[in-house]
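Take these sequences, add in the hints, and give me the full structure.
Quick note on numbering: the UniProt record's numbering labels position 326 of the sequence shown as 326, and the sequence is numbered without any gaps.
There are no misleading hints in this set.
For lysine-lysine, the following BS3-like pairs were computed, each having C-alpha atoms within a straight-line distance of at most 30 Å:
#  : residue 1 : residue 2
1  : Lys534    : Lys237
2  : Lys237    : Lys199
3  : Lys524    : Lys534
4  : Lys209    : Lys88
5  : Lys425    : Lys441
6  : Lys209    : Lys479
7  : Lys237    : Lys209
8  : Lys524    : Lys235
9  : Lys237    : Lys524
10 : Lys534    : Lys235
11 : Lys235    : Lys209
The following label-pair restraints were derived from C-beta to C-beta distances:
#  : residue 1 : residue 2 : range
12 : Val596    : Ala538    : 54 to 60 Å
13 : Ile550    : Lys479    : 38 to 44 Å
14 : Ala456    : Ala293    : 53 to 59 Å
15 : Trp315    : Val336    : 17 to 23 Å
16 : Leu519    : Gly332    : 26 to 32 Å
17 : Glu670    : Ser474    : 57 to 63 Å
18 : Leu395    : Leu519    : 44 to 50 Å
19 : Gly404    : Leu466    : 16 to 22 Å
20 : Leu270    : Pro231    : 27 to 33 Å
21 : Phe432    : Lys479    : 23 to 29 Å
22 : Ile62     : Leu408    : 51 to 57 Å
Just so you know, the hints here were simulated from the structure itself, not pulled from any lab data. Keep in mind the model is a prediction, meaning the values are calculated, not measured. A virtual CB, placed ideally from N, CA and C, is assigned to each residue, including glycine.
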Amino acid sequence: MSGRTRNGTRIQLPAQAERRPLLGRHRTTDTDLLYSCTANSLHSHLPVYTNIHRIRRDIISIVEDYLSLEQLRDVRINIAVVRPLVDKLYELDDISIVYCLLVNRAQFLYEQSHLNNRHNVNFSRATLAELVATRILRRFSEDNEGADGLLLLSNILVAGFEPFQNAPEEVRQEAQAASDTTYNRTLPSLEIAILTESKYFLSSTPCQKVVDAIYEGRIMYTPSSYIDIIPDHYKHKPISLYNPREGPMLNQYRLMVPRTRNILDVLSFLILLSLYLLVMAERSPEHFGYLEACFAIYAFGWSLDQFATILEHGWHVYTQNLWSFLDVTFIGIYAVYAVLRIDGAWVDDLVPKQQALDVLAMAAPVLVPRLAFNLLSDNIVVLSLRSMMADFFLLTLLSAWCFGGFLLSLLWLGEGKHPPVDISKWMLWIWFGLDGSGIEKSVHFHWLLGPVLMVAFAFLGNTLFLTILVSMLSNTFSKIVANATAEIQFRRAVLTLEGVKSDAVFSYQPPFNILAVFLLLPLKFIVSPRWFHKIHVASVRTVNLPLLLIIAIAERRVLWPAETSKKEAANQLIPRLKQWFWVNWRITAHRDIRAVFDLPPPESVEDDIAVDDELTHHLIRRQFTRQQTSDSIPQKGLNRRDSMFPGVTPRLRGSFTGSEDMHDVNSRLESVEAATARIESMLAQLLTREHSHQIELYLRTELTKLAATTDDPTIDTPPNISEYPMCEVSLHQNTHCKCRWGEIAIPCAPGMGFSTCGQIGSGLARRTPTWQSSAYQLCPEHGWQGLYDRNQVRMINAKSRMVPDARLEARSVHPTEWPEMASALE
1 MSGRTRNGTR IQLPAQAERR PLLGRHRTTD TDLLYSCTAN SLHSHLPVYT NIHRIRRDII
61 SIVEDYLSLE QLRDVRINIA VVRPLVDKLY ELDDISIVYC LLVNRAQFLY EQSHLNNRHN
121 VNFSRATLAE LVATRILRRF SEDNEGADGL LLLSNILVAG FEPFQNAPEE VRQEAQAASD
181 TTYNRTLPSL EIAILTESKY FLSSTPCQKV VDAIYEGRIM YTPSSYIDII PDHYKHKPIS
241 LYNPREGPML NQYRLMVPRT RNILDVLSFL ILLSLYLLVM AERSPEHFGY LEACFAIYAF
301 GWSLDQFATI LEHGWHVYTQ NLWSFLDVTF IGIYAVYAVL RIDGAWVDDL VPKQQALDVL
361 AMAAPVLVPR LAFNLLSDNI VVLSLRSMMA DFFLLTLLSA WCFGGFLLSL LWLGEGKHPP
421 VDISKWMLWI WFGLDGSGIE KSVHFHWLLG PVLMVAFAFL GNTLFLTILV SMLSNTFSKI
481 VANATAEIQF RRAVLTLEGV KSDAVFSYQP PFNILAVFLL LPLKFIVSPR WFHKIHVASV
541 RTVNLPLLLI IAIAERRVLW PAETSKKEAA NQLIPRLKQW FWVNWRITAH RDIRAVFDLP
601 PPESVEDDIA VDDELTHHLI RRQFTRQQTS DSIPQKGLNR RDSMFPGVTP RLRGSFTGSE
661 DMHDVNSRLE SVEAATARIE SMLAQLLTRE HSHQIELYLR TELTKLAATT DDPTIDTPPN
721 ISEYPMCEVS LHQNTHCKCR WGEIAIPCAP GMGFSTCGQI GSGLARRTPT WQSSAYQLCP
781 EHGWQGLYDR NQVRMINAKS RMVPDARLEA RSVHPTEWPE MASALE
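See below:
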């Protein structure tokens, strides 16, 4: 049986018997027909390899100097650099562009840390790649809304791509020869963003929309993994939207939902902590009791789950979690405890047994605070604690290194009179400022060099070390607080990515995962993949039957209520509040503050509220147009707008600076233009269509001739005047003095004229000059003794300089006289 994917590629689907489910269903779904081959082939046509190198070339050619994120987000750089690059890449309509940008960011960060050349420039290039990826993801979110848009964003962020996809064959062979195991591993964009710590990208709204949908289980998919302990890839879940009412009642894939995984992890850790406390409360090195056996087995299953998590997404992603260092520390303590306990039982010696419990007692400072990290994962103090501890351990390691040098000097000066343990104890007390015995004993090493070494160590270890430590921790905490929102959303993305599992071992909760490893893993090499998948599904549903029922009921009834329930809740006058005791009973002295907003105001109150809306709007506008009366404020310099309003007082000029007033001026100008258009239409009706066509041809010809015969160098040959949305111009010629001039009938803005519009035919005319219906028009040059407004009238050519008497008058040329006038002008 064959089928086709969206891009037309033919695939071979399994037979009907292979696709028959293990348990019957009351309905069939088409999503079960999608296997891993179909899911992988949806995006196999995208040129990922080409896009990666295209983006790298563009970014390298654009960024040549250091620029911070704030500078890259500046308006000028955004318009000149960022937006053209975003437009270019977005027009490709390729969902792998975000992946390619983040891959380039990873490469630029690698070059920044390993190459001394252009260290800051590589950081700017990595920042630009992250910024462009964020803008493109936002474009996809704005252009695609609803469920289809969420599905598209999910494909962009969690669909797996490989860097050598659609690369030339020789490149793939060379990459395969260099690394046979990792060159073709697919990674999603979300995981690369976490690896590169792209907090700005992860804190964007489209990315958080997808992360929240994955965390709640509204988006289902099978992630790519590095190593699987129990691999079961017979059915590969494609990226799809999940509806609990269309899925099976016992859906084993719901155990892989990050929200469900987070709740189960907290419950499993509570069980582990309870068993640990009970074992340590009744510890007995002589006897290995039933309670300690339960703890040992459960702790082994819990450690196996953590080890599988490391193999699933890698060590780097695992360590991004807040409590990962606590889990690793407990696993190390438990491993030492198990070895000592087994050794004591093997040799039947009480000393190793007692040492095993002593080592296990060291796990209390690790297990007890770990619960707080789960419950307060969004707290800013908990978020900053991880980075602060990393800085603290680094500085402590450097201090201990220096501590060893002082210890060797004192040990050699003492000639073996004092053991190294005592010398270390004295130095440690000086380091923490507890005791000055080391300074008193320093003369025993050397009368001069001994006190010098101890005093120098006191200055360096106590004063300088503590000062540097406090400064480093304060700087780290201030940086995290400044970007608290991005930091919280980054940790949430890490928790979500870790919660999505593909390894079959995560379907079994501790300690059942131990049985799954020892029973199903050998079975993998015996049965076929189909039967292994069926056995695995049957085992998961049997072991987790109560849990799967609880998840199904909770999703259908509580988490995702039916549409009818939503409509009923929406039709209620007062929305139902959360069912919490303190909220419902409102046992507080300030309950009226929130209660006043629960009841919406009736229509009568709404009418009273809306009475003074116009007054409020007017008062708000006055806040922006109020004149500053303080004499200490310097006067504003002249700008280009002052040429438009010569002689206007500062108060009146300030009224044109507000956005509201400019909006009013624009609306008035539009009204004037509309009225002018109506007048022109009325005048056009007075002329026949033939005459109008002749007028248009004549005026265009006349403008061309005037531009050719005039001595004014600013007048060029006019193109099609109707293409320029500027002023309206009329052309006149006096029949007696033969003077010709152009007159602006309607300006494009107040005060605009020949001195500001430019030249005739190249920015002057709004449309083709129309024939004027007035019978008389005086010559501005002679009729007004030259005192005409040169901003509104421009003399084009003057045939005579005689001053006509009052009887001389200009008349509009009748259409029947146009041929004669044209020949006379020639």
